[in-house]
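Q: Spelled out, the chains give:
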Amino acid sequence: MGQWSRWQALYTLFSSMRFAISLLSVLAIASVVGTVLKQAEPYANYIAQFGPFWFPVFEALGLYDVYHASWFLTILAFLVLSTSSCIYRNGPSMLQEMASYRDKVTVRTLQRLPMQMTLPLEQSLQACQAQVEAYLFRHGFRYRVTARGAGGADILIAAKAGSYHRLGYLFTHCGIVVICVGGLIDGNLPLKALQWTGQKVIEVRDIPQSQVPAQSRLGPDNQSFRGNVNIPEGSSANVVFLNVGDGYFVQDLPFTVALNKFHIEHYTTGQPRDFASDIVLTDRQTGERIERTIRVNHPLIHRGIAIYQASFADGGTRMQFRAWPLFSQKPQPFDIAGVVHQSTTIHNGQTELRLEVADFRPFNIEDLSVNNTPQEPVKTAGVAARVFAQMGSGAADASRQDLRNVGPSVQFRLRDAQGQASEFSNYMLPLQLEGAWYLMSGVRASPNASFRYLRLPLDSQGRIERYMRLRALLLDAKSWPLLGQRFAAQAGGSAVTPQLRARLAESAERVLQLFATNGFQSVSDFIDQSVPEAERDKAAEIYVKVLEGVALAAWQWDNQQHTPTTSMDDPQALRFVRDTLTSVSDSFAYGAPFYVQLTQFEEVKASGLQLTRAPGQNIVYGGCLLLVLGIFVMLYIRERRLWILLQAAHSDTHAQMVVAMASNRNTLDNDQEFIHHQQAFAAMSKG
Amino acid sequence: MSSVPEPVEPEVLVARGLFKRSVWDWCYAVGLVLGSGWVLQRFGQWMDGYEQVILVAAVVALITLAWHWSAIRNLMWVLIAVSLCSVYWYQGQIARAQEVFFLKYLISSQTAIMWMCFFYALSALSYWSGLLGRVAALTAAGTRLLWVGVTAGLVGLLVRWYESYLISVDVGHIPISNLYEVFVLFTIITGLLYLYYEARYATRQLGAFVMLVVLAAVWFILWYTFDRGAHEIQPLVPALQSWWMKIHVPANFIGYGSFAIAAMIACAALLVDRGWLTQILPTPAVMDDLMYKVIALGFTFFTIATILGAMWAAEAWGGYWSWDPKETWALIVWLNYAAWLHMRLIKGVRGPLLAWWAVIGLFVTMFAFVGVNMFLSGLHSYGQL
Ligand code: HEM
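Read top to bottom, the protein sequences are chains Y and B. The numbering used here applies: residue 174 is where the first sequence begins, and numbers increase by one. The numbering used here applies: residue 18 is where the second sequence begins, and numbers increase by one.
Honestly, I wouldn't trust all of these hints.
To be verified - Beta-carbon label-pair distances, calculated as ranges: (1) Y67/B - T772/Y: 36 to 42 Å; (2) A157/B - H436/Y: 46 to 52 Å; (3) S408/Y - V77/B: 36 to 42 Å; (4) G795/Y - V165/B: 43 to 49 Å; (5) S408/Y - Y67/B: 33 to 39 Å; (6) N91/B - L802/Y: 30 to 36 Å; (7) E464/Y - Y67/B: 22 to 28 Å; (8) K364/B - L234/Y: 29 to 35 Å; (9) N91/B - G322/Y: 53 to 59 Å; (10) E214/Y - G48/B: 51 to 57 Å.
Hint data in this document are derived by calculation from the structure and do not stem from the laboratory. Ideal Cβ placement from N, Cα and C applies to all residues, glycine included.
Chain Y extracted, bound-state conformation (with noise of 0.2 Å):
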């Protein structure tokens, strides 16, 4: 085979219709890849997913950037090529088939012809063409009459109606090769192509931004980019991170950004309604400053350059915490100070810990509601009473509902020496809950598990101290005796033995001592371990009674320690021993040795902008017009000929008149329109 006809053959294929429906498939499956696996994630991830074996397999298939792979794009590249030739062998005989009237055609041609009849003509051929002319006109058909037959003694009129309807398949194609170009321009092939040459590199560690060495940097000539930036309120920006694989290039920009102040506001849910940013841009070429709020689907272009919010986070929030030692002796609390993304070390005694600040909540809107979920009760009535229950209006049903902000929050993770972590989310004011105060503080050991609350009971002046001496006089082995004869100095009445006080007391120390090495559950172990079975239950009440009356005792003493003005029995006192037993209990599976207090903040937030330059946008809506433009016409224009020979009388046949019509679409229209045409022109050939 020549070189020639190779090219040819090659030609013919690329613009065959067969090898277009394939490329369209083969584009949709491939397409469906990036959905099932998520793209772009951090490479530990994928390794994690897919083990050690499979992970450079599929990074070597591209598979998790699949729409920047090198044979996505050949694929696309091949639609155009298919789409460009497809044009070029077709377009211009649709431009031929567009201005013709096919006026060549032969009697036997349309005779043959599937919409075609043949009536004798009953008046003068002249009388008939001027009917049929304005019949034509009048329907929106242009024609053209030319003379046929021997001496030039019939007529022809060749009409057609809709012929711009070829334009459409040139507009709608040609829309796909420049949306497809724009596109990739667009696209990230010329960096590509410098990271196969070598010169640019992607950048894995991490290191701060002006470190990173010029192979990993893309000037602002860059005409083509998609990167974000996080900006901490009162700082500035001038560059942007591209993400690529798992690293990313920084890109220089032309000008710098600055946050004055981020902005978010809520609705009466908690759900978020507006972010925005006070920035000023300030161009490094004129010196030129732009001050401007941007906010979601509002952003702000300079230089061909579009600046979205895109994101928020905190940006650094100032914050004081107060350390409370649970289990040490001498309970003195520290303060520390913290800020979100940074950690401090903390020291007591022999133990350090490493407090990592996470991140920083300014308020938290919880439903309070004891039922949040839809009621029971609704869920098993008939069918007839559900569907009373949702008539009315879209409105979420108040009733179930309490939604209320129950202020800001803390979120942390407390690192020891061995590099193990909990994280912990503590609510900086208290919470009421069945009508007592409490701290709360939420801990988990993986970010996938859901936290745990320790609640921490404030007494009737709203203070933690009371509970944190209480606690300390529990736990505390020399407070024992104390606490076990003031708890059996109380019971019974006069009628109570010396002796029997004393085992009392006795009991009281030995129940507090179990009680301080594991809460209540090693009270439980040690019932499970000596007292039968069946009076497992009543010797659990009892425990529990002992253990509440020696916390009573406790209060009393504290009470008279620390506040002597304070009546001795008040109300809520048992309810506070309850509640601290409980909670000293818990503190054993709290995994950490302090309760961190946030005292103060100062709450410093950051915005996360997306900053793209997309020169090809404007041809790819260029393209998307054409094709939307092109697709109307090629469905909505119908393209239609009528041919309306007019036979003068032969020797051997009658005058008659030969009707015929085409269309390149075969639609029921067509038929219908013919069977209109048919009795309109047999009234004409009748005269």
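Starting from the known structure of chain Y, fit chain B with the ligand onto it as the hints suggest.
A: Chain B with the ligand in isolation, oriented as in the chain Y frame:
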């Protein structure tokens, strides 16, 4: 010599000039123009320029549509009357939905949507018994019941729109913003599109098939309401607060609705192809033609919707194309129907192959519509199940 057939007046050639319109056509047009003029004057200050343009364009579209298909005119009068009643009965207080009888049992949004579901079910029943029992009166009743259902659904959405503003002015928004609302929209658009083609092609028998899709959507709406409580009006996240939503979403659902109808006609065509119900259902040629018309319409609107989505994305997310799962699946749907049209128009393929393709197309469409929200996550995750 061929004989001349019986006279008919093909729709395509019935040219009706501007001045051959009936008095009612003109009343309707003038009514809409005056009404929207009043709205612009009274509420224009709270609408941005784009929203004002959308309002004017909607009026033009509604006039054109009703002049082309007079049933829309009556529908619009009913909707306007009911909306005004709801404004009157609510008196600006959302709680009155529980107190006023007509609101509670007739036109508050949830009630109206329940009625919608009820009438869809009745309509499906009528269509099927009419089809299988060959009782023309029953299929005719199916059509009328479908009209009632569609009207109830539109009332539900319109009143819901108003209710959202009653909850709080900043919560107020057009009710096409989450999966629940667009499912209602889907049934309405599918119903209306079908009614249009039914009127044009006189093919009542296909109603039974189309109603199957609508019933599936009704089932979903009920499950979503009773099991998930998804019917509650939620405020809009910032990314959705844009006039783009008002054009992007409806355009998309004209596409989805058309594709759904095409698939159901394809089912009927496949039955006929096997020799079932041949006496009752329309001829293959008619169904084939209908299928093409519907897919062509859907394809046009779906193309526009996808482009509008891209333009919105450029404004909200900073890029007109991010290969987000929803976008990608829209592309897949689009490629599928582009291939379908090529097969039919250029290869001249007809019959079972194209019918099967249209049925599979519905599954692809449904995945893009619901599946993506259920199984994949991305920027479009507003309508998470
Ligand atoms: C590659 C992506 C392509 C896309 C997305 C595409 C899209 C379209 C669309 C939307 C239509 C309109 C169908 C309608 O009437 O509704 C169409 C028609 C058509 N396409 Fe393509 N096309 C592509 C490639 C090709 C190729 C490679 C060929 C060459 C064989 C081709 C030939 C045609 C022809 C001949 C028509 C019909 C024109 C007419 O008779 O009205 N297309 N195409």
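Q: Indicate, hint by hint, whether the structure satisfies it.
A: Hints, one by one, checked against the model:
Separation of Y67/B from T772/Y is about 49 Å and departs from the stated range, judged on CB atoms against 36 to 42 Å. Our hint of 46 to 52 Å for A157/B and H436/Y is violated, since their Cβ atoms are close to 59 Å apart. Remark: the range hint 36 to 42 Å for S408/Y to V77/B is contradicted by a beta-carbon distance near 50 Å. A hinted range of 43 to 49 Å for the beta carbons of G795/Y and V165/B is consistent with their spacing of about 46 Å.
The hinted range of 33 to 39 Å is satisfied by S408/Y and Y67/B, whose Cβ atoms lie roughly 34 Å apart. Between N91/B and L802/Y the C-beta distance comes to about 34 Å, which sits within the given range of 30 to 36 Å. Hint check: E464/Y to Y67/B, Cβ distance near 25 Å, so the stated range 22 to 28 Å holds. Between K364/B and L234/Y the C-beta distance comes to about 33 Å, which sits within the given range of 29 to 35 Å.
Remark: the range hint 53 to 59 Å for N91/B to G322/Y is upheld by a beta-carbon distance near 57 Å. Distance hint for E214/Y and G48/B: a CB-CB separation of about 56 Å, consistent with the stated range 51 to 57 Å.
Hints 1, 2 and 3 from the list above are not met by this structure, while the remaining hints are.
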